[in-house]
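There are 2 protein chains.
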Amino acid sequence: MPDDPVRLGLAGLGTVGVGVIRMVEKNADLLALRAGRRIEISAVSARSRGRDRGVDITKYDWEDDPVALARREDIDIYVELMGGEDGPAKAAVEAAIAAGNHVVTANKALLAIHGQALAEQAEAKAVALRFEAAVAGGIPVVKALTEGLAGNRISRVMGVMNGTCNYILTRMENTGLGYDAVFAEAAELGYLEADPNLDVGGIDAGHKLALLSAIAFGTKVNFSGVDLEGIQQVSVTDIEQASDMGFRIKLLGVAQVTGRGLEQRMQPCLVPVKSALGQLENATNMVVIDGEDVGRIVLRGAGAGQGPTASAVLGDIIDIARGFRITTFGQPATTLAEIQPAQASTPAAFYLRLTLKDAPGILAKVTRALADAGVSIDRMRQYSHEEPAAPVLVVTHKTTRAELDHALSAIKASGVCVRDPVAIRIENV
Amino acid sequence: MPDDPVRLGLAGLGTVGVGVIRMVEKNADLLALRAGRRIEISAVSARSRGRDRGVDITKYDWEDDPVALARREDIDIYVELMGGEDGPAKAAVEAAIAAGNHVVTANKALLAIHGQALAEQAEAKAVALRFEAAVAGGIPVVKALTEGLAGNRISRVMGVMNGTCNYILTRMENTGLGYDAVFAEAAELGYLEADPNLDVGGIDAGHKLALLSAIAFGTKVNFSGVDLEGIQQVSVTDIEQASDMGFRIKLLGVAQVTGRGLEQRMQPCLVPVKSALGQLENATNMVVIDGEDVGRIVLRGAGAGQGPTASAVLGDIIDIARGFRITTFGQPATTLAEIQPAQASTPAAFYLRLTLKDAPGILAKVTRALADAGVSIDRMRQYSHEEPAAPVLVVTHKTTRAELDHALSAIKASGVCVRDPVAIRIENV
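These protein sequence lines are chains S and B, in that order. Residue numbers for the first sequence, in my numbering: 2 to 430. Residue numbers for the second sequence, in my numbering: 2 to 430.
FYI, nobody ran anything at the bench for these hints, they're computed from the structure. Check before you lean on any hint, since a few could be wrong.
Only some residues are given here: those of chain B computed to face chain S with a beta carbon under 8 Å [said to hold, decoys possible]:
#1 R35
#2 I140
#3 G262
#4 R326
Quick list of in silico lysine-lysine cross-link-like pairs, DSS-like style, CA-CA up to 25 Å [unchecked claim]:
#5 B:K27 / S:K221
#6 B:K221 / B:K275
#7 B:K366 / S:K27
#8 S:K275 / B:K275
#9 B:K399 / B:K275
Each residue gets a CB set at the ideal place from its N, CA and C atoms; glycine is no exception.
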């Protein structure tokens, strides 16, 4: 075994940072055996030095400034766990690269926005910039795509990648409580980001999808090209009606290269309750990868939390300690393709929930508007109701979103709706 | 990109070998981009040179002798796809290592029997010996355990790892056909190894489990320590009765380190139909990994077939092309622990099917024998029957296999059975 340890500089001592310290300490001998070198922490940085974190950080050097930490000559790997797409996280990662230190990060926002530039910088300096912990927590999906399945052309990546959203949707289904009540519960339990819109607005999951797209298809990270929709509008009624028809509602990410460009969607979808994605409960994550030769690979595990995320950080650290050198996105950043976002998503069946005036001829207007827009109906039912408005469910045959939107506009314009129609895509998983 | 390609010597041109040739040829540019070097085939070897395989092998050098191929100076990686635990496969792998060539193989039997010696030889010569394709086909599980999850202590690995057995069991359930009829179908479809006992006897899956144990726990590969039981005795009646109680029967591998030693079992088990393992149908494989920090990771995909297995071979080749160097079992072979096989398996509930004489007092004898052996009954029922014998189902509370065997011996000795009792473990997955 080489005598020189791999030395870490750790910025950010929240849940994940503390998890990394715990794993490095308790598994020291095991890590040395596996990595071939000891893994040691040289210095740490965080907002508050004195806070009790349940681990003793006094044995490590302290830096107030993460940029100073990132530049230290006595570290080999700078571990970025502060988060945030700009500010100190970005400055420190840039400083680490400039100083020739490797970087391991769990920061999905930073890489989703600045990944291309940072990867180019890292490759120019021949240092590693790895981010397993940024996507789907403890699931080694970045490694699976960039290494294990690297012999394949990947045709599609799908996944449920925000545990908080899946918790909220599962809980709504199991309790019948509305979105607002369950959201409040999740906040109480500390499941939400400081800015909850990152979770429930689909932004966090969208960051992850954009990173997976890049490594799956060899395209430049394009977060702004992700068609984003959060779960805030999902109602218990929709969950119940979906369930009646054999579906569950999931915040589902789908990325695929189509003839129309790169399609990246992160939005609530109906998926068959019997599918692997439909069976996914609570905060668990799942990624489904379709490869040309390997077929379908499904990976499931905890998508967040101290242990799982720290496990992913350690995986990257061990790789670097072993001397593995791989480009950030699995091929040189300068060779990543610039593919335009698809202007239209792949046609799909849709679930529509309409709340209509309770009067003769109303349903005829709706079916006419759908027919005029070229949207054909697979199933339709008006279900029992107490309020003076008729709730009507429609499942369409496959249609484009444009045709559907055209139909919905016409239905709204015809004055038959008591409330705005709800439309949720049915994903063929 | 370095100008020098990575050159392969490919021995064995069956389904998988042809799959590797196809992937190397059709994905040449993609592989070069990802691996950083071109991947080329220098020479091939197989039993028959002239056979039509649907790929043109005349552009590659031919060797009649795989050992000569393995030793060639114009290859970097020897790819062993002939199979067999001894004979030419072993001789050729040893020759490759001795000549300083890396080795990638799909040969589980070879590594399950000779893995320790071969890994020591490879590490002494500083060449890679990798075997992703040997376990669970296209699922990158060796990589997940030895790399992605390497920061964790692993407490248990479970899995369904023989697609043929899972196909037979699924088909028996779906058609109600007996084992012999479905076995004949599988043979007709070409799903069985030349020696079918490798599949249905659990040997092939046992080889895979022994390899997973080594990388999960850092123990020496110990195939002879695997408690092996095939699926030949599973009847449609057991499948139907299990289903009635909410279970499916799977050929399930379980490996864990216990206070009593290394427990490795590959045997038919009842698993809850709602569990991920219970949902697994046809030839798909699944591996469930429990890690201390990461929690539970589940990996699913095709366990065999041309594309999936070739994909795994390519993953290893790309790693080597990228310059990744990892020990065969994730830590130096000389440091792998020698752990004795557990003399007793972890206690479990068992499903028992008894075929009893139809006479007064018989059931009392059975319950007495169970009670005397310390086996307590969770559920019991006698179900309707046509033949002059009473079929009785018992689900026990948790018990040791020794207590259960003691009870079954006593039941048999008491002369109440028309046929030998059937006992199948219920695995808490």
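Each hint tested on the structure:
A least Cβ separation of about 5 Å between R35 of chain B and chain S falls short of the 8 Å threshold, and the interface hint therefore holds. Taken as an interface hint, I140 of chain B checks out: its beta carbon lies about 6 Å from the nearest beta carbon of chain S, inside 8 Å. About 20 Å separates the beta-carbon of G262 of chain B from the nearest beta-carbon of chain S, more than 8 Å, and the hint is not met. Because the closest C-beta pair between R326 of chain B and chain S is about 7 Å apart, less than 8 Å, the hint holds.
Proximity of K27 of chain B to K221 of chain S is assessed by CA-CA distance (about 23 Å); at most 25 Å being required, the pair is judged to hold. A C-alpha spacing of about 34 Å is found between K221 of chain B and K275 of chain B, which places the hinted pair above 25 Å, so the restraint is violated. Distance check on the hinted pair: K366 of chain B and K27 of chain S sit about 54 Å apart at the alpha-carbon level, beyond 25 Å; violated. Restraint check for K275 of chain S and K275 of chain B: the C-alpha separation of about 10 Å stays at or below 25 Å, so the hint holds.
For the suggested pair K399 of chain B and K275 of chain B, the alpha carbons sit about 21 Å apart, so the restraint of at most 25 Å is met.
Violated hints, in rising order: 3, 6, 7; the structure is consistent with all others.
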